[in-house]
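Heads up, the sequence shown is in the working numbering, so the first residue is 74 and it goes up one at a time.
Treat the hints with care, as some may be off.
Said to hold, decoys possible - In silico SDA-like links for lysine to any residue, alpha-carbon gap of 20 angstroms or less:
no., residue 1, residue 2
1, LYS119, VAL212
2, LYS119, ALA144
3, LYS119, GLN134
4, LYS119, THR215
5, LYS119, ARG193
6, LYS119, HIS105
7, LYS119, ILE196
8, LYS119, VAL103
9, LYS119, ASP135
10, LYS119, VAL109
11, LYS119, ARG190
12, LYS119, GLY206
No wet-lab data here; the hints were simulated from the structure.
Source: prediction; values computed, not measured.
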Amino acid sequence: MDALYAALFSWAVSLSGLPLPAESPTVVRVPHQFFVDNACNGRECKVYGWYAGGREVYVDQDMDPEQSVLAASVVVHEMVHYLQGTQRNGGFPARGAAFGEILDCSAAIDMELEAYRVQREFITRHGMYQPVGVSMLRVGCTK
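Working from the sequences, and respecting the hints, build out all of it.
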């Protein structure tokens, strides 16, 4: 799978236009419960990938990016977050917070929108249509 992840990372770099960092991310396949416990505050959720800082990009082990364009697009989406984090941290993976700092609401939304834009473009370039990021239509910041 390393060759696949390298190719997906290349897609993330190409489609996002973000600079290639000094280190590539490591994809870690985990059970869905990992996301419930760590990304969703103990509540069931529809999270299938997560970047939380460092070099690790977490992906649901039940997804098969070799066989599914949608699963591969989730990996690309999370790799965009890795690229965003390294860009904000001088080209290196951030320690602790995913982006090396706590983001204000507007910046966090912009980064998520960018990752979904790249994910949609990846899916489209593979000859498919799959709505992703629809939940972002209802997201906004309070003042």
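Structure-based check of each hint:
1. Distance check on the hinted pair: LYS119 and VAL212 sit about 16 angstroms apart at the alpha-carbon level, within 20 angstroms; holds.
2. Note on LYS119 and ALA144: the hinted pairing holds, with a Cα-Cα distance of about 13 angstroms set against a maximum of 20 angstroms.
3. This hinted pair checks out: LYS119 and GLN134 have alpha carbons roughly 14 angstroms apart, not beyond 20 angstroms.
4. For the hint pairing LYS119 with THR215, the CA-to-CA distance comes to about 24 angstroms; that exceeds 20 angstroms, so the pair is violated.
5. At roughly 18 angstroms between alpha-carbon atoms, LYS119 and ARG193 fall within 20 angstroms of each other, so this suggested pair holds.
6. Between the alpha carbons of LYS119 and HIS105 the distance comes to roughly 9 angstroms, so the proposed pair stays at or under 20 angstroms and holds.
7. Of the pairs offered as hints, the one joining LYS119 and ILE196 holds, with about 19 angstroms between alpha carbons and a cut-off of 20 angstroms not exceeded.
8. About 14 angstroms separates the Cα atoms of LYS119 and VAL103, which keeps this hinted pair within 20 angstroms; it holds.
9. Of the pairs offered as hints, the one joining LYS119 and ASP135 holds, with about 13 angstroms between alpha carbons and a cut-off of 20 angstroms not exceeded.
10. In summary, the hint linking LYS119 to VAL109 is supported, as the alpha carbons are separated by about 9 angstroms, within the 20 angstroms threshold.
11. For the hint pairing LYS119 with ARG190, the CA-to-CA distance comes to about 19 angstroms; that is within 20 angstroms, so the pair holds.
12. Annotation: proposed proximity of LYS119 to GLY206 holds, straight-line Cα distance about 12 angstroms (limit 20 angstroms).
The structure fails to meet hint 4 from the earlier list, while all remaining hints are met.
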